[in-house]
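Engineer: Sequence:
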Amino acid sequence: MFLPALRPEISQGDIFEGVRVLEILGGREESYTGPVVLLSHDCEFDKPFEYVLVARVLPLNTAPRSSWNDIQQGNALNAIYVPAVAPRPESFINLRYIHRLPKDELREANVVGRRATSMTDDGRAAMLAYLYRFFARALPG
Numbered sequence: 097m098f099l100p101a102l103r104p105e106i107s108q109g110d111i112f113e114g115v116r117v118l119e120i121l122g123g124r125e126e127s128y129t130g131p132v133v134l135l136s137h138d139c140e141f142d143k144p145f146e147y148v149l150v151a152r153v154l155p156l157n158t159a160p161r162s163s164w165n166d167i168q169q170g171n172a173l174n175a176i177y178v179p180a181v182a183p184r185p186e187s188f189i190n191l192r193y194i195h196r197l198p199k200d201e202l203r204e205a206n207v208v209g210r211r212a213t214s215m216t217d218d219g220r221a222a223m224l225a226y227l228y229r230f231f232a233r234a235l236p237g
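With our numbering applied, the sequence shown corresponds to residues 97 to 237, in that order.
The set of hints was computed from the structure by calculation and includes no laboratory data. Here a beta-carbon is modelled for each residue, glycine too, at the ideal position from N, C-alpha and C. Hints are not guaranteed to be accurate.
Pairs of lysine to any residue residues, derived as SDA-like cross-links and limited to a Cα-Cα distance of at most 25 Å, are as follows [to be verified]:
| hint | residue 1 | residue 2 |
| --- | --- | --- |
| 1 | K143 | P179 |
| 2 | K143 | R233 |
| 3 | K199 | R116 |
| 4 | K143 | Y193 |
Here are the computed distance ranges between Cβ atoms for each label pair [as the list claims (entries may be wrong)]:
| hint | residue 1 | residue 2 | range |
| --- | --- | --- | --- |
| 5 | R196 | P160 | 25 to 35 Å |
| 6 | R124 | P104 | 34 to 44 Å |
| 7 | N206 | Y128 | 11 to 21 Å |
| 8 | P100 | E126 | 17 to 27 Å |
| 9 | G123 | R103 | 37 to 47 Å |
| 10 | I120 | R161 | 13 to 23 Å |
| 11 | S163 | A234 | 30 to 40 Å |
| 12 | R124 | A182 | 34 to 44 Å |
| 13 | V207 | N165 | 21 to 31 Å |
| 14 | T158 | F231 | 22 to 32 Å |
| 15 | D200 | R124 | 16 to 26 Å |
| 16 | P104 | K143 | 25 to 35 Å |
| 17 | G122 | L102 | 30 to 40 Å |
Throw the hints in and build the complete structure from the sequences for me.
Structural biologist: Printed below as a string of structure tokens:
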């Protein structure tokens, strides 16, 4: 699912550590600081738009224990399993938490060494299939 080394450029499927996401929900401010995965395609990152889409990456043990097997087997609609890749623990991409984030946040994280890993092409294709399934409640094709 992950390459042995980072891709040369920031790319879809890259996981970044320690990224702060700030939102105003129902008039109140909420923030999350932790790992995120870049969902937007590479070409979106290269365009002059200011924002991209990211999703939270959470340790598997933060999900209800009763759902661990479904997440690991790819049966949870809202989650994409992420195997442990040192030093990251076994995790999942939580598709219920997709955020719009300024690209500069990811650029800064990259510069200071918080871009942790890059997905393989197969990993990226699988992530897109899971995203499609999450929104359409059906498999692509």
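Engineer: Each of the hints needs a verdict: does it hold here or not?
Structural biologist: Here's how the hints hold up against the structure:
no., hint, in the structure
1, K143 - P179, "31 Å, violated"
2, K143 - R233, "30 Å, violated"
3, K199 - R116, "12 Å, holds"
4, K143 - Y193, "24 Å, holds"
5, R196 - P160: 25 to 35 Å, "27 Å, holds"
6, R124 - P104: 34 to 44 Å, "40 Å, holds"
7, N206 - Y128: 11 to 21 Å, "19 Å, holds"
8, P100 - E126: 17 to 27 Å, "36 Å, violated"
9, G123 - R103: 37 to 47 Å, "39 Å, holds"
10, I120 - R161: 13 to 23 Å, "33 Å, violated"
11, S163 - A234: 30 to 40 Å, "21 Å, violated"
12, R124 - A182: 34 to 44 Å, "37 Å, holds"
13, V207 - N165: 21 to 31 Å, "39 Å, violated"
14, T158 - F231: 22 to 32 Å, "23 Å, holds"
15, D200 - R124: 16 to 26 Å, "25 Å, holds"
16, P104 - K143: 25 to 35 Å, "18 Å, violated"
17, G122 - L102: 30 to 40 Å, "37 Å, holds"
In this structure, the hints that do not hold are numbers 1, 2, 8, 10, 11, 13, 16, in rising order.
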